[in-house]
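Protein chains: 8
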Amino acid sequence: MNNTDKYKELGFAKLDFERSKRRGYPEAVFCECKTNEQLIKIFSAFKEQGSNVIGTRATIEQYNEIKKHINEVEYNEKGRIITLTIKPIEKKGEIAVCTGGTGDIPIAEEAALTAEFFGSNVIRYYDIGVSGIHRLFDKIDDIRKANVIIAVAGMEGALGSIITGMVNSPVIAVPTSIGYGSSFKGLSALLTMLNSCAEGMTVVNIDNGFNAGYSANQINRKIAGV
Amino acid sequence: MNNTDKYKELGFAKLDFERSKRRGYPEAVFCECKTNEQLIKIFSAFKEQGSNVIGTRATIEQYNEIKKHINEVEYNEKGRIITLTIKPIEKKGEIAVCTGGTGDIPIAEEAALTAEFFGSNVIRYYDIGVSGIHRLFDKIDDIRKANVIIAVAGMEGALGSIITGMVNSPVIAVPTSIGYGSSFKGLSALLTMLNSCAEGMTVVNIDNGFNAGYSANQINRKIAGV
Amino acid sequence: MNNTDKYKELGFAKLDFERSKRRGYPEAVFCECKTNEQLIKIFSAFKEQGSNVIGTRATIEQYNEIKKHINEVEYNEKGRIITLTIKPIEKKGEIAVCTGGTGDIPIAEEAALTAEFFGSNVIRYYDIGVSGIHRLFDKIDDIRKANVIIAVAGMEGALGSIITGMVNSPVIAVPTSIGYGSSFKGLSALLTMLNSCAEGMTVVNIDNGFNAGYSANQINRKIAGV
Amino acid sequence: MNNTDKYKELGFAKLDFERSKRRGYPEAVFCECKTNEQLIKIFSAFKEQGSNVIGTRATIEQYNEIKKHINEVEYNEKGRIITLTIKPIEKKGEIAVCTGGTGDIPIAEEAALTAEFFGSNVIRYYDIGVSGIHRLFDKIDDIRKANVIIAVAGMEGALGSIITGMVNSPVIAVPTSIGYGSSFKGLSALLTMLNSCAEGMTVVNIDNGFNAGYSANQINRKIAGV
Amino acid sequence: MNNTDKYKELGFAKLDFERSKRRGYPEAVFCECKTNEQLIKIFSAFKEQGSNVIGTRATIEQYNEIKKHINEVEYNEKGRIITLTIKPIEKKGEIAVCTGGTGDIPIAEEAALTAEFFGSNVIRYYDIGVSGIHRLFDKIDDIRKANVIIAVAGMEGALGSIITGMVNSPVIAVPTSIGYGSSFKGLSALLTMLNSCAEGMTVVNIDNGFNAGYSANQINRKIAGV
Amino acid sequence: MNNTDKYKELGFAKLDFERSKRRGYPEAVFCECKTNEQLIKIFSAFKEQGSNVIGTRATIEQYNEIKKHINEVEYNEKGRIITLTIKPIEKKGEIAVCTGGTGDIPIAEEAALTAEFFGSNVIRYYDIGVSGIHRLFDKIDDIRKANVIIAVAGMEGALGSIITGMVNSPVIAVPTSIGYGSSFKGLSALLTMLNSCAEGMTVVNIDNGFNAGYSANQINRKIAGV
Amino acid sequence: MNNTDKYKELGFAKLDFERSKRRGYPEAVFCECKTNEQLIKIFSAFKEQGSNVIGTRATIEQYNEIKKHINEVEYNEKGRIITLTIKPIEKKGEIAVCTGGTGDIPIAEEAALTAEFFGSNVIRYYDIGVSGIHRLFDKIDDIRKANVIIAVAGMEGALGSIITGMVNSPVIAVPTSIGYGSSFKGLSALLTMLNSCAEGMTVVNIDNGFNAGYSANQINRKIAGV
Amino acid sequence: MNNTDKYKELGFAKLDFERSKRRGYPEAVFCECKTNEQLIKIFSAFKEQGSNVIGTRATIEQYNEIKKHINEVEYNEKGRIITLTIKPIEKKGEIAVCTGGTGDIPIAEEAALTAEFFGSNVIRYYDIGVSGIHRLFDKIDDIRKANVIIAVAGMEGALGSIITGMVNSPVIAVPTSIGYGSSFKGLSALLTMLNSCAEGMTVVNIDNGFNAGYSANQINRKIAGV
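Protein chains in written order, with the working numbering: chain A, 1 to 226; chain B, 227 to 452; chain C, 453 to 678; chain D, 679 to 904; chain E, 905 to 1130; chain F, 1131 to 1356; chain G, 1357 to 1582; chain H, 1583 to 1808.
With a Cα cut of at most 20 angstroms, we get these calculated SDA-like pairs of lysine to any residue:
id: 1; chain 1: G; residue 1: K1377; chain 2: H; residue 2: F1719
id: 2; chain 1: H; residue 1: K1721; chain 2: F; residue 2: F1267
id: 3; chain 1: G; residue 1: K1377; chain 2: F; residue 2: N1298
id: 4; chain 1: G; residue 1: K1448; chain 2: F; residue 2: A1354
id: 5; chain 1: C; residue 1: K597; chain 2: B; residue 2: V452
Computed spacing ranges between beta-carbons, pair by pair:
id: 6; chain 1: F; residue 1: E1207; chain 2: B; residue 2: K313; range: 50 to 60 angstroms
id: 7; chain 1: D; residue 1: T763; chain 2: A; residue 2: I70; range: 50 to 60 angstroms
id: 8; chain 1: B; residue 1: E274; chain 2: D; residue 2: I764; range: 51 to 61 angstroms
It should be emphasised that the hints constitute simulated quantities derived from the structure, not laboratory data.
The structure displayed is predicted, hence computed values, not measured ones.
In this text, a Cβ means the ideal position worked out from N, Cα and C, and glycines have one as well.
Here chain A stands alone, though its shape is the one from the complex (with noise of 0.2 angstroms):
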């Protein structure tokens, strides 16, 4: 195979079309740095491959500029995510996205939107913090079924800690900036949880949903034998 075949040059970018067969899923494209133009040839090459791809970060401004061009693309404003969907996914296995606040949810949309376009089925758990743990307890026992469990909160970030201490699955954590003070922008929901005593979790970037989403997407299909 040549090097054509194995990613697109556009200069700006080198398109990582053997990245499916290498790692067993369509790339991903951050849109937050990029132009529209720069964007616009990202998809275009993609479609032109007939490949999924999916972006993160994007805002409604970059959408639409898109949408111009290529009229599959679809975007989810929740979750700032545009996706190309060309080939169907089978969704497989089940992951639990919880959060903490209601102010967690654009993170936890985008983790969740990720997932399922990787290809597993995604139950929402929201505001089910800490400070009223009744509501958490509700729910325990669904959320334990999941294979994957994404916790997602900012602030103090405790809700990773609680859940993990009663469930048996694995659990990715995102701590989100949600908050303010000492918060620090995130710094704090993030070192509560790299500390956590509560083994079996395991800790993403701050606001870094798509990598919950696709590390989870990428454990529950392992699990659920794909």
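We have chain A already, so just place chains B, C, D, E, F, G and H on it with the hints.
Below, chains B, C, D, E, F, G and H alone, put in the same frame as chain A:
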């Protein structure tokens, strides 16, 4: 009692109706990361339930939108607080709310309004910081009469220590993000307060007037025998 | 009253004899940076004055040296506390001191012994952290009976939030330096506690069991009507 | 079931006997802040109960003291781990444990021994860091076969990103405190790992080989269909 | 030579005319904190003196204002650079400028344009980051030919280490502020680069493409025997 | 003297009229967090009292509003300073205000105008930073003549050290927030100045030209025998 | 004058003999990172030159080794200072050195001894911190008489602000590393002091009693007309 | 070539024999985290291979143990470096190694010895820091002759900026951990160097004399035409 009694499921939020019984006081809503639509649903549910509710860090725009649907809500712009007061609350005891400077007043008002909402009398002592300490000394005999003292200060944040050293009431210190340069948005004041050698003072998060008011009220009312 | 009555001048220190009148409680001595010679002079002066005194962060070596000169002093090694109790104190009310883990016990003991020295009954609930939350739930009804609750925890420091969400008493949270890596010697637990969404909890410095015990006692005794 | 069945009250600790049922695996003991006397009581209680137990961050001195009372305990000095294996565990699946350098081996061993204790086969790939990347490439086909990969690295911590970009298994990255100067005791490696653009990698606390091994085992055994 | 020859006094600035003689290259102007009026005076003085000059971190607005007075200035928007080229410069040797991702291109362009302005040939290799490492490997033989390599990367910043481990030319690493959450505006990439175990790489400030380009040019031209 | 003489109670502020007697100089008003209404009341009260007053970090909008009510106020836009000069001040002695670069001038002007307002002669030496050190050497003999030297610098902040090593007058260093990347908004310059090995230099907060000017004036006038 | 007159070349050090002429005072030696052999050579060279010299942060062991070769050196253990006084110095003016607590005394002594060595009278006011503020008030009239005040404090570091607000002399604040937990080895006190709203106070590095003493002496002697 | 030729598998380490071919220079061993047994195996393997090798951050104890098995190794205690020189290296070109103070010499020696080992002539200029800048000026004409300059400095770390502003050779700056208080173990010097406005200087990790020496040698030899 079934779950519908304990909390109301709104999808994006689960309202903690049991809270008043469990914790002694009605719920508070952190407005900062919520959409207008979400806030209207939340306030409506509390109104329906016949509960008082307080919304913090609310903008005037959020208030105006809620007001269109729930005429009983009131707004205090300085403290950025929306209240819905259905059941009247009898105020007990006394809390002193002090600030180092004029810039600390919005956070002090958040504390004062919260304490009043939950049932305390509040007396305000503003701009009595350490750079002109005779202003504090003139007031100290009055401040001493309060069951609980809230000390709100930014920059170097020394106000709490000075007051604590002169009284025998518990002091709750609130660092504010007032300042610049190495104040690091309130970190300097926070560290000053945590490291105070004047025992009897505890600390809340930077700019967290709400928790200071809530905690002071809780202590004050217990001292007042409620 | 002249200065000799208000404080005693030792050159390296000025002992605050007026304190008991002004603040309601006798003085405490931070032993960590003091020489044996300084400590002996300080404890002797308080003995002479007929005052109780408590020394914190004291080593067994410091205690042994003081003991040679002042036979009445007592030492608690776990809490690193020296006490000289000349006037008996009647204990009032009740404080619950809780820890997340076994490693937090020394700081919890510092808090508990301080509260007892200044006049509170203390009940200890150790190793009830969030990784096995049923242990906490078994005790929560007892913990709720206390006038004030002290929650001592290192690592992720979530204990305080969980307890606060289930009680209507004021909670004082003490982060400890237990942990490693990104616990950053207690910073992680401190931030968790400051950013708790469970209102009614205030925070003291990392490992500052003394201030937690002092503040809790002050509140407890006022609630108990002393 | 009453509390005596759910956990054993030792005063300073409450042993979580229900854990194995709830979480799928026996308990682990963090030895670092415990006295010999406490450790002997804890290991004795587990032995009495007929449970396996693993002790982490244990010194040789701690082991020797426990060994005097419980002959069955074993010690691995490199990984600082004490194990008491009463019920045999059948190992399933395969985990790859990789290190960037030789200095990362103790943490890698903590991870590997933990994963083996809880029931995984482990293959070790040490000293394959990015400064001589052909060493990694020689092994990558073998590493790809593992169900889960643990990447242990200090200093710049890039190992995890490189591996993750070349495999389709989940990767758990462990930053280590190896390094000096601006490595800030592992902070540099932690941040590198959290900010990786190679999705599918999650992170644990600095030097937390135990949690990496526990989480990897949990995922591996689920993939292996246990 | 008197002072008027060595620098020109503008009141708000003193232009270093002796620089070219002392340091080998004409002066550079940091435009970010300067007013239009100041910039016009500075560029006019250099033009009068017959000197080339480069302005960095310049906005299109600043350029437009200067252009009104000095027609010879040129602007590169991607690299935010204004140049005034009065004396032609002969380009020597070769520098490779590489980026991890597309978002790093503006800083890479700042570096590349600077190096070209001061007299180097530059070849650009963009979007060859570690998440799809085969893209780098395809280019490495070309990159090796350069006298100096500049590696520009944000997020985890591992690009520089990987390249340095495969070449025998000096590498200058430029961390960028691309990323979010715990990237802390480039701090993560900076620490990664400083802690690289691949010797032969040195580092410049976050987003400082200018210094990377300047330093690389200086080394390249000396190697090229200029 | 009663309280009305010592300070004026405005509710939101308590104006320190005794200050001039106690501290030797009239009061200063930090305008940044004050409303127009508050500023008008404050300046009016000082005018009524016949006191001079200086307002720092004031916007042109704030000035315009005050000007409508108090015609005597004056504004310096570069230094963001409002002054009301009712009693004339005789300037004594001499202070040198130096900057590293052009971007540091606004903070330098804040310092210079403050020192002039309180009664010092000021000579300005701008853009004499260490990258072209001959510019500093040309001026050093003049700088040496000042009673006090203020060194204002951002980025690496080395200016103060260099000057201090060459003079025998006290130097006050002001770090500025000029810079980017790892300058961390002035932290880099602050640390450089605090760690200077050139003894005789003291430091103020980042961008705190006001305190530098105040302190320098205080020392200068005492040296000048006022 | 040739170089041999301006400084003495020792290979590992170049002694600045011209300093006394240029800066007004003899040189100081930072002993912390020097070997005994280096210190002996340095002190011998100054003795030979007939210069006074002061060594800071010196251990008793270093002193004993130097003493074997240069009998005239003297040592103050509390301040960790070695002095060689060949030419007598006449003390002028007056400096007040104040501490918050007893633990700050070593740094205060470093400041006091330095100021005395370079020619100032020093009066010490120890243990007058803010937790018992009447102790400070008793002394304030005496403190006001000094030309310069040094305020040494750890923990919250508020002493300097309080004093500065009550005097019209310049204050130099020295943060100390006394404290624990979030004092972060003096960072808390440093930030407090930098952010003081009491203008007229400048700050030196944590624990840098030497620079405080040097700077205070320099100002004091200029005020005293030397 | 098969893998046995490319690297030697020792289990705990994989020795990079291909390195010399790929990178131009033999391998270096970071001794700090290695056991004696590991070091002996590593040095023996290199000896067997006939390769030169350099060990950094080695203790005298490590050296003594290796010496027992490999008589040819040599040790430099000041620079903490072990060398095994089997093939002689011809030194080319010239590097200047400068330090700010005497305490920086160990790191400077690490840099100098590394550069000499890899084939450069080195001239040392020690104790020429900015507090007595005439010492630097006396040497600057000699320093200018070097192809590359290494500037080693702790505390404020300004040395590199001053030198860079006066020469036209590339400068590599090494921050050292010399200092105390807010030097934060070299962070202050690191930030100073990264934020230098003197272009042409690049930076390595705190105390990383090895990388400075390696990088300087690499550049020097290329300039020297090797």
